[in-house]
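Using the sequences and the accompanying hints, generate a full structural model.
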Amino acid sequence: MIVRASNLPGYRDEEVYIGCGIAYVSNFTPPVLCNFEHPPFAKYVIGFSHLLGFSRVLFMFFYALSCYLLFLVLYMLSRDLGVSLFSSLLLFFDTLFFNTYRFLLLDPVAVVLSLASLYLALSAWHGASAALAGLAFASKFSSAPTILVSFYAVLRRRGFGEALKFLVIAFLTYLATYFADFRLGPLAIVEHNVQMLSYMGWRHGFSPALASIGFLKLLTKVELWRFGGNITIFITSYGSYWSVYSTMYAHSTGLYTVVGVGLGSPAWYLLFPLLLYTTYHALVHRGDVEVALCTWGWLSLLNVLAGPIDWYYINALPAFYANAGYALKKISGKRFKHISLPLLASSIITFFATLLGLLPYTIKLS
16 MIVRASNLPG YRDEEVYIGC GIAYVSNFTP PVLCNFEHPP FAKYVIGFSH
66 LLGFSRVLFM FFYALSCYLL FLVLYMLSRD LGVSLFSSLL LFFDTLFFNT
116 YRFLLLDPVA VVLSLASLYL ALSAWHGASA ALAGLAFASK FSSAPTILVS
166 FYAVLRRRGF GEALKFLVIA FLTYLATYFA DFRLGPLAIV EHNVQMLSYM
216 GWRHGFSPAL ASIGFLKLLT KVELWRFGGN ITIFITSYGS YWSVYSTMYA
266 HSTGLYTVVG VGLGSPAWYL LFPLLLYTTY HALVHRGDVE VALCTWGWLS
316 LLNVLAGPID WYYINALPAF YANAGYALKK ISGKRFKHIS LPLLASSIIT
366 FFATLLGLLP YTIKLS
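Under the working numbering, the letters of the sequence shown match residues 16 to 381, in that order.
Incorrect hints may appear among the rest.
Straight-line distance between alpha carbons at most 27 Å, and here's what the computed DSS-like set of lysine-lysine pairs gives [as the list claims (entries may be wrong)]:
| no. | residue 1 | residue 2 |
| --- | --- | --- |
| 1 | Lys-236 | Lys-345 |
| 2 | Lys-352 | Lys-236 |
| 3 | Lys-236 | Lys-379 |
| 4 | Lys-349 | Lys-236 |
Taking CB as the label site, the calculated pair distances span [stated by the list, open to error]:
| no. | residue 1 | residue 2 | range |
| --- | --- | --- | --- |
| 5 | Lys-180 | Leu-96 | 31 to 39 Å |
| 6 | Gly-176 | Pro-357 | 20 to 28 Å |
| 7 | Leu-190 | Ile-354 | 41 to 49 Å |
| 8 | Phe-175 | Pro-357 | 40 to 48 Å |
| 9 | Trp-140 | Gly-302 | 44 to 52 Å |
Worth flagging that the hints you see were computed from the coordinates, not collected in a lab.
In this text, a Cβ means the ideal position worked out from N, Cα and C, and glycines have one as well.
What follows is the structure in structure tokens.
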């Protein structure tokens, strides 16, 4: 496949993860000493694979495997081969999803592990599902929505005892990924996690402005930015009051809009309306599939509300596409092929046109 890298955005964050991953593997560096703000497991994967020379190939494998796992998960839920294939192909031909896996980021590892955990939870392999859930959470906290759905599946199918066992295995697996921190003392893991949570509260505290831009991007593929410097989000307190601040709209000296052209797929315009449709049916009819899909979708929406950063969206897209395929089938019935095939064809055309440089990924308007 010919990809014009200059037409697709690059993500410099991978340089940090590669450096820390190599340090973790080659020098047994405690994770708290290098990129403490994120859990360590994905960086171990990046470090090992990069040193062995197959990191890019591995992440492309993760890309294909994530799409296949979505197919398996949706088939386990719906028992509809056409819907499952349609949703997984929409995910495969999503340019944002593909482009993010081109880089050695934490989110691709978290996504593939959390989807594998969900599939195993639905397949009654609860111990293995819990272990993968722990590894996914130890890759990045953004995997939490899918992990919660895995936990819900175990709780619903096997009861409280099995669900408690799931949590214990996942928690112990998560802690095990911090083993190198023990070099600094018996409480180093606790101190590391406290530092992570403190940093997240300062750097990723909820900002209504940032959340609105993230949600707008999902609805319209448009980002509306207005700021006069570096974007900073922080939490501060005055007496008994806590406030969240963002420089997004502070001291604004500029306004610009980013319009997604080749970004994502044409199906993006349907993702949230179809989630609302499934939610309505879940509330009215309380079908197991509808409840599972709408719960997964709304939880995944939290990643979008974190801001309009491309790699945040790949944590939500599997849930959104699973819901979209199922909802379209419910709406169209026997006419599903007449609706799904043109939508899939438009996604494929957009995908290849963007990768070949015939369509811009985004256009910045001043």
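**Prompt:** Are Lys-352 and Lys-236 close enough, with their CA atoms no more than 27 Å apart?
**Reply:** Roughly 26 Å between the alpha carbons, so the hint for Lys-352 and Lys-236 holds.
**Asked** Does the Cβ distance between Trp-140 and Gly-302 fall inside 44 to 52 Å?
**Response** For Trp-140 and Gly-302 the Cβ distance comes to about 24 Å; the hint is violated.
**Message:** So if I understand the rule, the pair passes when the alpha-carbon distance is 27 Å or less; does Lys-236 with Lys-379 pass?
**Reply:** holds (12 Å)
**Message:** For the hint 20 to 28 Å, verify it against the beta carbon of Gly-176 and that of Pro-357.
**Reply:** Check failed, 48 Å falls outside 20 to 28 Å.
**Asked** Falls inside 40 to 48 Å, the C-beta gap from Phe-175 to Pro-357?
**Response** This hint holds: roughly 46 Å between Cβ atoms.
**Asked** Using the C-beta atoms of Leu-190 and Ile-354, is the stated range 41 to 49 Å upheld?
**Response** Given range 41 to 49 Å: holds, Cβ gap about 47 Å.
**Message:** Please check whether Lys-180 and Leu-96 have a Cβ separation lying inside 31 to 39 Å.
**Reply:** Holds: the Cβ-Cβ distance is about 33 Å, inside 31 to 39 Å.
**Request:** Mind checking the alpha carbons of Lys-236 and Lys-345 for me, to see if they're no more than 27 Å apart?
**Result:** Answer holds: Lys-236 to Lys-345 is near 26 Å, not above 27 Å.
**Request:** Take the C-alpha atoms of Lys-349 and Lys-236, compute the straight-line distance between them, and say whether it is at most 27 Å.
**Result:** The given pair, whose Cα atoms are some 30 Å apart, is violated under the 27 Å limit.
Violated hints for the displayed structure, listed by number in ascending order: 4, 6 and 9.
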